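> Chain Z: place on chain P using the hints.
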Amino acid sequence: MGEQQMFDGRPVLQFRTGSDRRTFLKWAGLVGVGAGFVAGGLLGAPTAAQAAEIKRDVKAAAKAGGDVDILNYALTLEYLESDFYATGLAKGFLSGRELELVTPIGDHEKQHVEAVTAAVKALGGTPVEKPKITYPDGTFASRDSFLKTASAFEELGVTAYHGQVPLVQSTDILAAAASIAGVESRHAAVIASLIGGEPFPNPIEKHADMSTVLAAVKPLIS
Amino acid sequence: MSREAFVRGELGQVSPSQALFALNNRWALASAADFSSDVDVLNYALTLEYLEAAFYQQGNSAGLLSGTEQTYLAKIQSDEEYHVTALTGVIKQLGGTPVAAPGVNFGDAFASRDSFLTTSHTFENVGVGAYLGAAGYIKDKTILQAAAGIFGVEARHAAVVGNLLGLQAEGGVYMGAFETPIAKATVLKDVMPFLSSQMGGSMPSGSVDTGGGSAAARDESGLFGLGGAALVGAAGAAAYALHRRQRDEAPQEQ
Numbered sequence: 001m002g003e004q005q006m007f008d009g010r011p012v013l014q015f016r017t018g019s020d021r022r023t024f025l026k027w028a029g030l031v032g033v034g035a036g037f038v039a040g041g042l043l044g045a046p047t048a049a050q051a052a053e054i055k056r057d058v059k060a061a062a063k064a065g066g067d068v069d070i071l072n073y074a075l076t077l078e079y080l081e082s083d084f085y086a087t088g089l090a091k092g093f094l095s096g097r098e099l100e101l102v103t104p105i106g107d108h109e110k111q112h113v114e115a116v117t118a119a120v121k122a123l124g125g126t127p128v129e130k131p132k133i134t135y136p137d138g139t140f141a142s143r144d145s146f147l148k149t150a151s152a153f154e155e156l157g158v159t160a161y162h163g164q165v166p167l168v169q170s171t172d173i174l175a176a177a178a179s180i181a182g183v184e185s186r187h188a189a190v191i192a193s194l195i196g197g198e199p200f201p202n203p204i205e206k207h208a209d210m211s212t213v214l215a216a217v218k219p220l221i222s
Numbered sequence: 001m002s003r004e005a006f007v008r009g010e011l012g013q014v015s016p017s018q019a020l021f022a023l024n025n026r027w028a029l030a031s032a033a034d035f036s037s038d039v040d041v042l043n044y045a046l047t048l049e050y051l052e053a054a055f056y057q058q059g060n061s062a063g064l065l066s067g068t069e070q071t072y073l074a075k076i077q078s079d080e081e082y083h084v085t086a087l088t089g090v091i092k093q094l095g096g097t098p099v100a101a102p103g104v105n106f107g108d109a110f111a112s113r114d115s116f117l118t119t120s121h122t123f124e125n126v127g128v129g130a131y132l133g134a135a136g137y138i139k140d141k142t143i144l145q146a147a148a149g150i151f152g153v154e155a156r157h158a159a160v161v162g163n164l165l166g167l168q169a170e171g172g173v174y175m176g177a178f179e180t181p182i183a184k185a186t187v188l189k190d191v192m193p194f195l196s197s198q199m200g201g202s203m204p205s206g207s208v209d210t211g212g213g214s215a216a217a218r219d220e221s222g223l224f225g226l227g228g229a230a231l232v233g234a235a236g237a238a239a240y241a242l243h244r245r246q247r248d249e250a251p252q253e254q
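First to last, the protein sequences are chains P and Z. Per the working numbering, the very first residue in the first sequence carries number 1; after that it's consecutive. Per the working numbering, the very first residue in the second sequence carries number 1; after that it's consecutive.
In isolation and in its complexed conformation, chain Z is listed as follows:
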């Protein structure tokens, strides 16, 4: 799928006829070879969260939003940054090596408020489907609970952004009575256009601010449950400094 199609909100995913009514086998959507371990699943999730966090850092810095929209999207950004930090911490806790932040290129996604929100809506729905599609591979129950907790928040993002766009309730804000998983191969195909191995000139590394500064009023005690205030390394620190500067220039909710 092309980046342009993604930005237009045309998402390749499982058809509604494959949606769950009680007990069909959701996990059959993903190949048994998709993930070899919990760390594998978590690194897959981490890649998506890096992508989302970088997406909102750039989008929110573009000055396209105001008022409630700006507040909501700033919260979403801090959620995604939190997810990056949390997943990184868990992967390390498990003795794994967190994947590096991918290079990103969002093309013309930030051309307008509409293209920003439409791309956001697509990203969030991909995120929801990706978590659901991968959850069955997680063996550790406590990690499963954390992943499910992230999944739910992505669903909140998707619904609220869909509503900001004024999309129809069913099929825009909600995607039916049951969330639909998306297989890994489809997710990767959807997001591939945004991943670049080369850093663009004005593009930061795609690492994220792990400070979560805009979320100070919220309960983030789970951070410690997820492995402490793990930073994402030197690249993350550099991006953090860059991001702080961007925030100072264009203050958001705080």
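If we strip away everything but chain P, and leave its shape as in the complex, we get:
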């Protein structure tokens, strides 16, 4: 499932307050971090031109309030993932080894929400609230639809974190984000192997800018 097809383009996120929504959207409009090179499927280190683009983006990020915004962006995605697994696991589709493998993923996402919330506060920022999430019909219709959507979420989460790596200012925040991103990579690989997908789609993780990620999870919000 490609990112663009997730939820058939239907909106899944509604923000409680205009402020949360604006915070989440700020990056999309502001930076659009190298949309070109992400669309081109570039892996690994950018070319010189793209490096220059990243440098511009880094400056823009710093100007925009940077790390708090990045963390609130991550927090929104973690809220989404956490809610997704809680809802999906409650349906009782999974058993045996699959249940054993997916249950900790839900726990991890919950811990990520807590950690990122704490990180926002530590920086003196205000954590965004949990968005109201509505899943399209069929998302939790079966074990297959649950795990396929999970796979799309995890791959998206991985690219989202990696897209922010060069933009994070604080090395502490970078450490936090990286240590979460690695776990998302584990999730993505395990889920892919459960659905007969490709656990190692690239030799270096891809990265996506915020607008690409937004397009996947809430296409109609802007």
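Treat the hints as calculated values from the structure; they're not laboratory data. Treat the numbers as computed from the prediction; the structure is a model and nothing was measured. Check the hints yourself; a few may be wrong.
[As the list claims (entries may be wrong)] Below, in silico cross-link-like pairs of lysine to aspartate or glutamate (DMTMM-like), each with a Cα-Cα straight-line distance of 25 Å or less:
| hint | chain 1 | residue 1 | chain 2 | residue 2 |
| --- | --- | --- | --- | --- |
| 1 | Z | K141 | Z | D40 |
| 2 | P | K206 | Z | D38 |
| 3 | P | K206 | Z | D140 |
| 4 | P | K132 | P | E114 |
| 5 | P | K148 | Z | E69 |
| 6 | P | K110 | P | D83 |
| 7 | P | K110 | Z | E170 |
| 8 | P | K206 | P | E129 |
| 9 | P | K91 | Z | E170 |
| 10 | P | K148 | Z | E170 |
| 11 | Z | K139 | Z | D38 |
[Said to hold, decoys possible] From the structure, some residues in chain Z lie toward chain P, with a derived Cβ separation under 7 Å:
| hint | residue |
| --- | --- |
| 12 | V128 |
| 13 | R156 |
| 14 | A177 |
[Stated by the list, open to error] Which stretches of chain P does chain Z cover? Using the computed rule of at least three CB atoms under 8 Å from a CB of chain Z, they are:
| hint | stretch |
| --- | --- |
| 15 | 105 to 113 |
| 16 | 151 to 165 |
| 17 | 171 to 179 |
| 18 | 193 to 205 |
Beta carbons are placed, not taken as given, at the ideal position from N, Cα and C, and that holds for glycine.
Then chain Z, alone, in the frame of chain P:
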């Protein structure tokens, strides 16, 4: 730590109590003197990738696996080979000198499917921790992004191999909700038993196949972003030829 302990999966690393909950200082784990430059960090990573690539070249040639396991491990090997090529290219781009491939000796790691996968699992988790422990030293943001991208793939390897081994989900497939960095000194202590200054009789140089032939279907455009199809020199070319021959004898996924 002994090579035997490593092969048994007993890995010296930071305790879970030191794991991150939001904002503790991850980088404090490594001494400030660990790395003097980006090239330093990259050469550290390159050494580990050489080791991993050689490990899979030998392990996959041993004929211990079949089916999905064989396919997965072949992919992992081509990932590690790609990492060697990529890191070598970046180091050269920065005007640095890539370290030579170390001599390797994996002892009885390839005695069985279990010992191969168990050692792999340990290697991958060491790799994950090593990248995380060193990332804070990387100053160039674009290089940081590339290193983070490699780190994530090592985490995928670790999880999938852990699952192939049927290890418990938490503590075997996943190592908690947050990855734990491993300091350079610990990493080196863990991998030291596999590094030999002398080449064993049947042991190739430890250089790797940089052709990435088994990954043709995948998007490897980043190779060019990382400095072009840099080869690892004459030693690499020799090992490449050797490796191709091994592949022809024991064809894997292609």
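> It remains to establish, for every hint, whether it holds in the given structure.
A quick look at each hint next to the structure:
For the hint linking Z/K141 to Z/D40, the alpha-carbon distance of about 15 Å falls within 25 Å, and the restraint holds. For a cut-off of 25 Å, the pair hint linking P/K206 to Z/D38 stands: about 21 Å separates their Cα positions. A C-alpha spacing of about 18 Å is found between P/K206 and Z/D140, which places the hinted pair at or below 25 Å, so the restraint holds. This hinted pair checks out: P/K132 and P/E114 have alpha carbons roughly 18 Å apart, not beyond 25 Å.
A C-alpha spacing of about 22 Å is found between P/K148 and Z/E69, which places the hinted pair at or below 25 Å, so the restraint holds. For the given pair, P/K110 sits about 8 Å from P/D83 by alpha-carbon distance, which is consistent with the 25 Å threshold. Under the criterion of a C-alpha separation no larger than 25 Å, the hint pairing P/K110 with Z/E170 is consistent with the structure, at around 15 Å. Distance check on the hinted pair: P/K206 and P/E129 sit about 28 Å apart at the alpha-carbon level, beyond 25 Å; violated.
For a cut-off of 25 Å, the pair hint linking P/K91 to Z/E170 stands: about 22 Å separates their Cα positions. At roughly 22 Å between alpha-carbon atoms, P/K148 and Z/E170 fall within 25 Å of each other, so this suggested pair holds. In summary, the hint linking Z/K139 to Z/D38 is supported, as the alpha carbons are separated by about 7 Å, within the 25 Å threshold. Because the closest C-beta pair between Z/V128 and chain P is about 6 Å apart, less than 7 Å, the hint holds.
Of the supplied interface hints, the one on Z/R156 holds, with its beta-carbon coming within about 4 Å of a beta-carbon of chain P, less than 7 Å. Hint status for Z/A177: holds, given a least beta-carbon distance of 4 Å to chain P, under 7 Å. Residues of the stretch 105 to 113 of chain P with a Cβ under 8 Å from some Cβ of chain Z number 5, which satisfies the need for three, so the listed coverage holds. For the stretch 151 to 165 of chain P, the proposed coverage by chain Z is satisfied: 3 residues have a C-beta within less than 8 Å of a C-beta in that chain, meeting the threshold of three.
Counting residues of the stretch 171 to 179 of chain P whose beta carbon lies closer than 8 Å to any beta carbon of chain Z gives 8, which reaches the threshold of three, so the coverage claim holds. Residues of the stretch 193 to 205 of chain P lying with their CB closer than 8 Å to a CB of chain Z number 8, which satisfies the three-residue condition for coverage.
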